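Participant: One letter stands for each residue in the lines below.
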Amino acid sequence: MSSNVTSPSGGVTVHCDDDAPPVVRLVARTLRDAARDPELVSVLGRIKGRVSLRSHNTPQRATIDFGGREVAVLAGAVGPDELSLTVDLDDRFGVEGIDEAHHTLGDQVLAVLRPRLPDWRQAAETFWASTRNLPGMPAQLICICKSADSCQEITLGSGDSRYSIAGSAESLARVFSGADDLLTKVLAGSVEVRGTLPQLSVMTGASWKVRYDV
Amino acid sequence: MSEAVVRSLHDSKSEVLDFLRDREISTIRLEATNHDGALIGKNVSPSKLRSGLTSGFAFADVAFGLDLGNLPQFGFAYPQWRGNLPDVFLRIDPSTLVEWSRGRASVMGDFWLPDGSPLPVCPRNLLRRMTEKLASLGYEAKVAVEIEATVFEESIHVARSRKYRDLTPLGGSAGFAYHVARSKDWDDYMLAVARRFDELGIEWDVWNDEAASGQVEVNLVAGSPMSVCDSWARARQVMREVAHEYGHSVTFMAKPTAEAGQASHLNLSLQRDGVNLFYQDAGPSPVMRQAIGGLMATLPGATSIALPQITSYRRLVSLTGPPVTVSWGVDNKTTAVRAVVGHPTYSRLEHRLPGADANLYLVTATILAGIIAGLTHELEPPAEVTDMAWCLPDGLPPIPPTMSKAADALSHDQLLAETLGAEFVDYWVGTRRWEWMQFHTNGGDPSVELSEWESLRYFELP
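Quick mapping for you: the protein sequence lines, in order, are chains C and A.
The numbers in this note's numbering rise by one with no breaks, and the one at position 44 of the first sequence is 35.
Count along the second sequence from 1, then add 2; that gives the number in this note's numbering.
With the rest of the complex left out, here is chain A (with noise of 0.2 Å):
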């Protein structure tokens, strides 16, 4: 651990055992994610955070090496990290204390090695790591996230004994997107989800009725990579708690049932000294050009981290919204990369491939690598398509259609290798291609819209 984190640390410990003492705190939960996006950590008393706020509180190495079933990964070399289950350590990032209700705490933090090192492959740790890769090259990043999810009428507890299938959507199931007059039960939870957010300081911009039935979203304003990532993982936890507090069933798959898929939308742009870089008079700036050189030369291997499961390639399908192309567009929704041009604070980038299942932290991490890609080797993007991104005859590439092929693409992606590190992306692709064993040895059907077997795995989590 460097120097300046162990000041921090130290500075910040008497700030941390007060804001304990003064709320009467006496559970804090310690909070990371973990590949699949889901919210991992412990629960510990006052007096354990107080004695591991510079040595970090252990967790067996499997913290990044579990599947969703509760396996161990196999299949792939291990990093040195990697042994028979050794500790890693998670330290707390005192800037994320919040009191998450009467008497509890809870605060983010990221992984790390007995000897002090980052752990390489984790999440919050890369996304720093990209940061400070952009920042070295005189940039800063400011995101935005879309956050969609799917909400159900019955309780989780009625969802998991029907198996997450044939669930009622709040809110009924005619409609369309923006629908306002959708019954009172689905408002309600919306507004109690925003009353949730502004008693946690999570701030909030927006939130709609979206496409499928059931479905919502709701986008967080736009800041700094890393506070925008703390603020969807909490997020979602809110959504996951009001939900259950109000006998309701939530879930962020990728595509909970035949009707419809759902996103995590990226919104970026590139700032120095509080002006946008991706504003110029008219079409996009030279930064956002190579912005978006980098974005397209890295999006096939990109489509592993963005489309993470196997339901996560359900979504690719023309028409219905995701894109299917590695293309991008000014204004134009069907690509994978929609430019938002010519306003000097709203010039943005939309990266509309992440699926509602994706770890935002590595996503905006992986956009980001390919953004560094794009501005070190000054790349020039593709023509822009003005066309329908769907259902062409030809010359566009496809993005890759399955689990297997985005892997393969991201094992050949020599760029992200480059920016990202090759330990994540061998690590990142190993835990892939047991994903896709594990789906079609032991149960998973990919003849049929979507398999039991999916439900069981992607509905609570990630």
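Just chain C, same shape as in the assembly (with noise of 0.2 Å):
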């Protein structure tokens, strides 16, 4: 298998294929992310075991292979695993409920595929600098969190073409964050943009590199 290996975090490395298929790239990228929280990397580094993931509206499948430092995750069911979990991809891997026998493994999973949200801030200066250099891309993002009582708003960038997103604290840091794919939010009316037809196709792709990283 030709890997796709990011430099180890906290010391649990965590590979998948080069051509791997979106959701075998979301769990690697989320486990990737709790391998740099210094609370989730103990954990991370703990699991040992197959666990495959099934979506619960699609038939998307992929199989983690936890080892300790080396985490492999795997497209579609490879073999037989410790632990089989119906997830739901577009909020961040919620499942239904995990029987006794495994609850153990379960919640240390599931604990690893939900990592803590950022602050809605933070995850916009990060989508901001892993982006802002895409092909396309507006000169300046504005971020607009919207509460029932107050609106705040960050200005990432300087320039003339401006895109906007909206929406509360949470859907901001799930989009940002990759927790959440953009377009989907905002079909769903979530979270509210302004911009251009062609601004909103760069920024889909924007959201499928902090999402997928692809």
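No lab work stands behind these hints, which were simulated from the structure alone.
No experiment lies behind these values; they were computed from the predicted model shown.
Misleading hints may appear alongside valid ones.
[Claimed, not checked] Derived list of chain C stretches under chain A, where covered just means 3 residues or more per stretch with a C-beta under 8 Å from a C-beta of chain A:
| hint | stretch |
| --- | --- |
| 1 | 9 to 15 |
| 2 | 193 to 205 |
[Claimed, not checked] Interface residues of chain A toward chain C, partial, derived using beta-carbon atoms under 7 Å:
| hint | residue |
| --- | --- |
| 3 | 77 |
| 4 | 80 |
| 5 | 83 |
| 6 | 84 |
| 7 | 393 |
| 8 | 404 |
| 9 | 406 |
| 10 | 407 |
| 11 | 411 |
| 12 | 440 |
| 13 | 442 |
| 14 | 443 |
| 15 | 445 |
| 16 | 447 |
| 17 | 449 |
We treat Cβ as the ideally placed atom computed from N, Cα and C, and that holds for glycine.
Got two chains here, separate frames each, mind docking them using the hints?
Facilitator: Rendered as structure tokens:
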């Protein structure tokens, strides 16, 4: 297997194939984020065994081989597993329940698949840093956090072309961290945008980059 | 738009109007192809046609921006001509005007921008640009296409109700390629198709049974790239219409069942003053060798255009017909490019990679681009493959086996970007990445032989 290996984070390396499908990329990217979290890296490093994931509403499947400091994410269902989870890929790997016999392993796996969301501002800055140089990106990204009684705004970059994304603190954090897909959330009405259709295309690609590392 | 084109259209205007009047035409179908090879257009009245003869007919820019599920393609940087659904304009090519049926004419066209420049991603314009580049080097291409399709007994309405699955191949499931004793219903269908071709002036050479159940092959007469591609687009429409008339359904999907795939092999030679420059007494001529060199150098990237859809890649199975390696060989149909040599007329290259689902304008443009690169840079081909180019233990580079790998190969292909233009290459790659994402995240299943998502998306279109 040719590997897409990023530098070890906290001593844990997550492998996936260069030509992996989106679900594998999503899982691998999420686990790499967990490996960068000081509270989660030790959890990640302790998990041993094979866990299979399946999407609750599409045929997407992935298998995670947890091996302590080495984690491999594979496409499809690969061999016998210790635990099988049906997850909502559009809701941060939400599951309906884990049977009692697998509670410990299940809790650990879900903990690393659902790392703490960053603050929306931090998420926006990280998003901007990794996507600002993509072809066609606007020169300026305006992030608007709306709550019941306030509205806060940050502006990233500078220049003539602008794009705005507005939503709740959680919605923004989810989109900017890659937990959610931007286009899906725009279509669902969870975030609102101001800009041109071509800009929406570029921003969709930027969202894929942070969500799927593609 | 160039002055020459404006003059040509002005001169043709009266001929067009006479044509419509003399045949009592009440509806004219304007035709073009989108990137997925689907026939797109509008039906206009004679007065509307008159009004748009010079200025063209407006289409929203998403004529080249919608996927086969009717969703806008997102995820990549658009070129300048894309915006908040501005118009692009289809200008007709009067030389393609035909009486399609009583009271109805059809005419092909290509797309232009409001400022009069050709839309760079329009398949017909792209092909024209490649033939002009080839001409600037002193060559003309002569091409021929083999159209493969699968015909089913059931009507398209029944096929739709069954989600295009579990259909009955016309002519039965027993047999093999070249079988001429198929049941009469198969024969009747193909005879009707050939009659319509004759009525419309679509010149054909051969039709025959192909390898899979219900599969047919039609060979169009060789000609200029543009005329053959125009005939290709219309031939497929004829096959659909005749299927409908006879209560059958037809598909150009790359692999409509688990049984076998289907292709659009393209045969090509380079000519100068009527002389075939691929000919020499023995072996490939120097011009042919450079053409092969260019094709081999660009084959990984060209794969993305020759195999445009998810299902396209399911054809790539050794021993089933399609090539699986970046390879060429004299009289070797197991390679990607077969060289036919030693004949002053028939010496040619046969490109065996393109699928039945590929847009022939784009495929031909890409193949010409590879040849142009080979001629321009005097590229020598790799060693000829004389063995079977399937099931090899090592030694030959594989054709990119997935849509994502092919898109990556194209995005890194400097020769194709230089010749086809970076704008088209980037745009195409962006649309393939969107298709890849749609398949994986919206119901496609890579773990089965053929997922329902693919049947629903690719059977009727392209």
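Participant: Return the status of the interface hint for residue 77/A: holds when the least beta-carbon distance to chain C is below 7 Å, violated otherwise.
Facilitator: Since chain C brings a Cβ to about 4 Å from residue 77/A, closer than 7 Å, the hint holds.
Participant: Once the shortest beta carbon distance from residue 443/A to chain C is found, is it less than 7 Å?
Facilitator: holds (6 Å)
Participant: Within the assertion that chain A covers the stretch 193 to 205 of chain C, do at least three residues meet a Cβ-to-Cβ distance smaller than 8 Å?
Facilitator: holds (count 5)
Participant: For the hint on residue 442/A, just tell me whether its beta-carbon gets within less than 7 Å of chain C.
Facilitator: At 5 Å from the nearest chain C Cβ, residue 442/A passes the 7 Å test, so the hint holds.
Participant: Given as covered by chain A, does the stretch 9 to 15 of chain C meet the bar of three residues or more with CB within less than 8 Å?
Facilitator: Three-residue rule met by the stretch 9 to 15 of chain C, so holds; n is 4.
Participant: If you take the shortest Cβ to Cβ gap from residue 447/A to chain C, is it below 7 Å?
Facilitator: holds (4 Å)
Participant: Taking the closest Cβ pair, is residue 80/A under 7 Å from chain C?
Facilitator: holds (4 Å)
Participant: Close enough to count: is the Cβ of residue 440/A nearer than 7 Å to one in chain C?
Facilitator: Where the cut-off is 7 Å and the nearest Cβ of chain C is about 10 Å from residue 440/A, the hint is violated.
Participant: Let me know if the C-beta of residue 411/A comes in closer than 7 Å to any C-beta of chain C, holds or violated.
Facilitator: Residue 411/A check fails; min Cβ-Cβ to chain C is 11 Å, beyond 7 Å.
Participant: Are residue 393/A and chain C close enough, Cβ to Cβ, to be under 7 Å, as the hint says?
Facilitator: Residue 393/A check fails; min Cβ-Cβ to chain C is 22 Å, beyond 7 Å.
Participant: Hint validation: residue 407/A versus chain C, beta carbon distance must be below 7 Å. Holds or violated?
Facilitator: holds (6 Å)
Participant: Using the nearest Cβ pair, does residue 84/A come within less than 7 Å of chain C?
Facilitator: With a minimum Cβ separation of about 5 Å from chain C (threshold 7 Å), the hint on residue 84/A holds.
In the structure shown, a violation is registered for the earlier hints numbered 5, 7, 11, 12, in ascending order.
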